[in-house]
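**Student:** Following the hints, complete the assembly by docking chain U with the ligands onto the known chain H.
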Amino acid sequence: MSDTQSYEPRIVAFLCKWCTSAGADLAGVSRIQYPANVTPIQVMCTGGVSPMYVLSALRKGADGVLVSGCHPGDCHYIEGNYLARRKLHLVKELLGFVGVEPDRFRMSWVSAAEGAKFAQVVRDFVEDLRPLGPQEKVKADRS
Amino acid sequence: MIKIQDIRDAARDMLAKGEVRAVIGWQRGSRGMAAEPVVINAPEQADGLVWDPTCYHNLSLYLVNDKKAQAHAKQKPTLPIAIIAKGCDARSCVVLMQENYFRRDDIYIIGVSCEGTGVIDERKLAVALGGVKPTSAAFDGDDYVVTLPDGSEKRLPAREVMADRCLECREPFPKENNIALGEDKTGRALEAPFAALARFEQQSEAERWNYWQRQFDRCIRCFACRSVCPMCFCDECVVDSIEMKVAPTTSAEEKASRVRWIERSNTLADNFGYHMTRAMHLAGRCIDCGECERVCPVNIPLRLLNNKMEREAREQFGYEPGASIGGPSLVSSFRDDDPGTWIR
Ligand code: SF4
Ligand code: SF4
Ligand code: SF4
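If you're matching them up, the sequences are chains H and U in order. So that you can map any letter, position 5 of the first sequence is 5 in UniProt numbering, and since no number is skipped, the others follow by simple counting. So that you can map any letter, position 9 of the second sequence is 9 in UniProt numbering, and since no number is skipped, the others follow by simple counting.
Excised from the complex, chain H in its bound form (with noise of 0.2 Å):
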């Protein structure tokens, strides 16, 4: 990055494919601005991320990781959200502990139909790693 840019958090998110990526659709058929940051990646539901697709996110220079899915109860797979509310919560954890910001990392529930919510939610993770500058910790050296 050179000096004059300024710095953008790039954010990776896991979005399901049966709650949030329909709302982030939503969010863009109706015309709902929100920070071209993020770079969505569709799973079918939270359920199925595994650990491993957040570190390695973080591994390959993402300064922000999302995951978001429907809203507990809403599961297209009946409980795949509550065992993801569980694993990630414990990803989560284990990254503050050894000193990673823990706000890097996010999870959201977003329903197909609140485009509004998923634009709200964006714009607050960017916002909120703006101050954290970037991702330099866990990120590969590629040089």
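Don't take every hint at face value.
Derived pair list, reagent style DSS-like, types lysine-lysine, alpha-carbon separation capped at 27 Å [as the list claims (entries may be wrong)]:
| hint | chain 1 | residue 1 | chain 2 | residue 2 |
| --- | --- | --- | --- | --- |
| 1 | U | K245 | U | K74 |
| 2 | H | K139 | H | K60 |
| 3 | U | K255 | H | K139 |
| 4 | U | K245 | H | K60 |
| 5 | U | K255 | H | K60 |
| 6 | U | K17 | U | K175 |
| 7 | H | K17 | H | K137 |
| 8 | U | K3 | U | K133 |
| 9 | U | K133 | U | K154 |
Calculated directly from the structure, the hints in this document are not laboratory data.
**Tutor:** For chain U with the ligands alone, coordinates are given in the frame of chain H:
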């Protein structure tokens, strides 16, 4: 106090009566005072078994190895295999059974209680003895008695040189057992559980990262910690990306684009990936036998990571690894009131 003769008799009897096909235990080693794991399958070999403060190995690893060897030889054993198990070893047997790696009647647990002591931490002992290497060690009440090379004996309060995990151990008695020897001293924890963890957590985020950065940087990725852990029984480990099946028809593109979750090189980023993944894969399964930390050639404090996950499981999810054979594992279950306020 457990008499070694009782352990030998139990093992000899079982083998003589043909109740088990082998007994996994400890024998005198070839490296100074340390006992070494042994698998015996004839009654007369029972006399070589030992029980002393150097029996730190978690023998359930050898159950896993036995199972793999049986599978490799395409054998289906008809008799169970017996294992001499301390409290922590018995807990790891429970996790293995909970995960359906074994059925309960595949194994016969000869429990040995740690009775108020635990096992020696060789690193602490080396400091206490100024580097002098003892030739043997024995339990004596709340003390260890070590024999020095010149033949003299030295008495050391066990809690000064015992392994950290033993200080915090709440269950030195093997709860899951077929027979158990020794006194049940459950609840004898010499230090508050997670005491070391709590001390570590007093530090700021920057200090903690400083610490772990240094630790992860030092890891040489020898994978001893993985090899020694009874819970790391997967046939294929995610860090071994070279194990991708390559057939004559596999294209160069397929080879190049295979998923490499974690590279094998020991860079900080990949060591971080390895250790975080390891901690996650052991969350709710690690029973704090301390073997990973003991075998690490560069003294990476792996127990801190494991303990963090263990305490989280206990406090946030009411989950205790190794407590019962029935029931789901930590990450394959949930409760409606799992913490969720952190989710936006
Ligand atoms: S952790 Fe507990 S059961 Fe295991 S060796 Fe130490 S005292 Fe014994
Ligand atoms: S933590 Fe220690 S035992 Fe494990 S791979 Fe690294 S150097 Fe080896
Ligand atoms: S992670 Fe370490 S302490 Fe936990 S079960 Fe495995 S070897 Fe034992």
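**Student:** So, for every hint listed, does it hold in this structure?
**Tutor:** Tested hints:
Of the pairs offered as hints, the one joining K245 (chain U) and K74 (chain U) holds, with about 22 Å between alpha carbons and a cut-off of 27 Å not exceeded. Pair hint K139 (chain H) plus K60 (chain H) holds up; C-alpha atoms about 6 Å apart against a cutoff of 27 Å. Of the pairs offered as hints, the one joining K255 (chain U) and K139 (chain H) holds, with about 24 Å between alpha carbons and a cut-off of 27 Å not exceeded. The suggested pairing of K245 (chain U) with K60 (chain H) holds, with an alpha-carbon distance near 25 Å, which does not exceed 27 Å.
Annotation: proposed proximity of K255 (chain U) to K60 (chain H) holds, straight-line Cα distance about 20 Å (limit 27 Å). With a CA separation close to 25 Å, the supplied pair K17 (chain U) and K175 (chain U) stays within the 27 Å bound. Under the criterion of a C-alpha separation no larger than 27 Å, the hint pairing K17 (chain H) with K137 (chain H) is inconsistent with the structure, at around 31 Å. Under the criterion of a C-alpha separation no larger than 27 Å, the hint pairing K3 (chain U) with K133 (chain U) is consistent with the structure, at around 25 Å.
The straight-line distance between the Cα atoms of K133 (chain U) and K154 (chain U) is roughly 12 Å, inside the 27 Å bound, and the hint therefore holds.
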